[in-house]
Amino acid sequence: MGKKRVLADDLGALKKKVTEGCAKSEKTEGDAGLRRLRKRLKRVQRKISVRAARIAQATGKKKVSA
Numbered sequence: 135m136g137k138k139r140v141l142a143d144d145l146g147a148l149k150k151k152v153t154e155g156c157a158k159s160e161k162t163e164g165d166a167g168l169r170r171l172r173k174r175l176k177r178v179q180r181k182i183s184v185r186a187a188r189i190a191q192a193t194g195k196k197k198v199s200a
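Numbering (the numbering used here), first residue to last: 135 to 200.
Just so you know, these hints were derived from the structure itself, not from any lab.
Any given hint might turn out to be false.
[Stated by the list, open to error] Dumping the calculated DSS-like pairs for lysine-lysine here, alpha-carbon to alpha-carbon at most 27 angstroms:
1) Lys161 to Lys149
2) Lys161 to Lys151
3) Lys161 to Lys176
4) Lys176 to Lys151
5) Lys138 to Lys150
6) Lys138 to Lys158
7) Lys176 to Lys149
8) Lys138 to Lys195
Keep in mind the model is a prediction, meaning the values are calculated, not measured.
Could you put together the complete structure from these sequences and hints?
This is the structure we're talking about:
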């Protein structure tokens with residue numbers, strides 16, 4: 135098995151690529167490569183969000199005993 139990549143690293147790299155692509159391209163809607171990058175970015179953002187929600191659910195609410 136290969137190394138697993140850290141999602142936060144992917145997120146930063148994808149954001150950078152998307153902003154560079156938007157700056158270069160005049161027609162951002164018709165660009166297939168840019169669309170593919172945006173879809174990957176959204177997928178990574180969704181994974182991070184789901185992971186955070188799962189961790190929050192697992193920790194639960196801490197009861198304070200006074």
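Exercise. Quick one, are Lys138 and Lys158 close enough, alpha carbons at most 27 angstroms?
Worked result: Violated. Lys138 to Lys158 sits at ~31 angstroms, over the 27 angstroms cutoff.
Exercise. Straight-line Cα separation of Lys138 and Lys195 no greater than 27 angstroms?
Worked result: Given that 27 angstroms is the threshold and the Cα spacing comes to 31 angstroms, the pair is violated.
For this session: For the pair supplied as a hint, Lys138 and Lys150, confirm whether the alpha-carbon distance does not exceed 27 angstroms.
Result: 21 angstroms, holds
Problem set entry | Proposed proximity, Lys149 with Lys161 (alpha carbon, max 27 angstroms) | Roughly 18 angstroms between the alpha carbons, so the hint for Lys161 and Lys149 holds.
Exercise. Does the alpha-carbon distance linking Lys161 and Lys151 stay inside the 27 angstroms limit?
Worked result: 16 angstroms, holds
For this session: Would you check the hint for Lys176 and Lys149, treating anything up to 27 angstroms between C-alpha atoms as holding?
Result: 10 angstroms, holds
Problem set entry | Pair hint Lys176 and Lys151, alpha-carbon separation not exceeding 27 angstroms | 13 angstroms, holds
Exercise. Are the Cα atoms of Lys161 and Lys176 separated by 27 angstroms or less?
Worked result: Satisfied, since the Cα-Cα distance of roughly 20 angstroms is no more than 27 angstroms.
Violation of the numbered hints given earlier is confined to hints 6 and 8; the remaining hints are satisfied by the structure.
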